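Colleague: Just so we're aligned: the sequence shown equals residues 1 to 171 in full-length UniProt numbering.
Hints should not be assumed to be uniformly reliable.
[Said to hold, decoys possible] Quick list of simulated restraints, FRET-style, between CB atoms: (1) Gly100 / Leu27: 46 to 54 Å; (2) Phe45 / Thr68: 36 to 44 Å; (3) Arg38 / Lys118: 34 to 42 Å.
The hints are simulated quantities; they were obtained by calculation from the structure and are not laboratory data. All figures in this text were calculated on a predicted structure; none of them were measured in a lab. All residues carry an ideal CB built from backbone N, CA and C; glycine is no exception.
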Amino acid sequence: MNADYRPLSYYPLSLWSWQDAIKAIFLDRVNVLSHYDRRVKSPSFEMTLPSVVCLKTYVKPARNPAFTRFNVFLRDRFSCQYCGAREELTFDHVVPRSRGGQTTWDNIVAACSPCNLKKGGQMPVDCGMWPAQPPFQPSIQDLHRNGRAFPPNYLHDSWLDYLYWDTELEP
Numbered sequence: 001m002n003a004d005y006r007p008l009s010y011y012p013l014s015l016w017s018w019q020d021a022i023k024a025i026f027l028d029r030v031n032v033l034s035h036y037d038r039r040v041k042s043p044s045f046e047m048t049l050p051s052v053v054c055l056k057t058y059v060k061p062a063r064n065p066a067f068t069r070f071n072v073f074l075r076d077r078f079s080c081q082y083c084g085a086r087e088e089l090t091f092d093h094v095v096p097r098s099r100g101g102q103t104t105w106d107n108i109v110a111a112c113s114p115c116n117l118k119k120g121g122q123m124p125v126d127c128g129m130w131p132a133q134p135p136f137q138p139s140i141q142d143l144h145r146n147g148r149a150f151p152p153n154y155l156h157d158s159w160l161d162y163l164y165w166d167t168e169l170e171p
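Whole structure, please, built from the sequences with the hints as guidance.
Modeller: Given below as structure tokens:
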């Protein structure tokens, strides 16, 4: 967790190995918020493994997310922007590179392989294939919001108290 008790990232969830967490404890860089039931031992030391740690100093989040395949899929909620499929995802240039399209946030969408092959090097108007949402450069908040819809496969019970502190409460 960051010093403000928010996860550094939701999807993928910001995780450290237990070794890194213990190192951060010894370097006095984190506060331990919760523990697992398991203990680690050395010949001269024993401690309960931390499950949730919070940084002591605030790390300012990046203003703009990195342009990566994963972040494009996350922006597009892991679904093909042409048919909604969730399998065989790749990405598609809305304006094909052969027609001058760039590999940028504003021209790339998630697409399943069949739709990508069907569209090929055509312009959307020529093949009648329009993305469900126009491509755009997402903010970190956009990706966090989308990431909350895809929780990790496994969440230890001790994490649940800390994950969604910044979500709006229902009246």
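Colleague: Taking the hints in turn, state whether each one holds.
Modeller: Going down the list of hints, with the structure as the test:
no.: 1; hint: Gly100 / Leu27: 46 to 54 Å; in the structure: holds (51 Å)
no.: 2; hint: Phe45 / Thr68: 36 to 44 Å; in the structure: holds (39 Å)
no.: 3; hint: Arg38 / Lys118: 34 to 42 Å; in the structure: violated (51 Å)
Violated hint: 3 only; the structure is consistent with all others.
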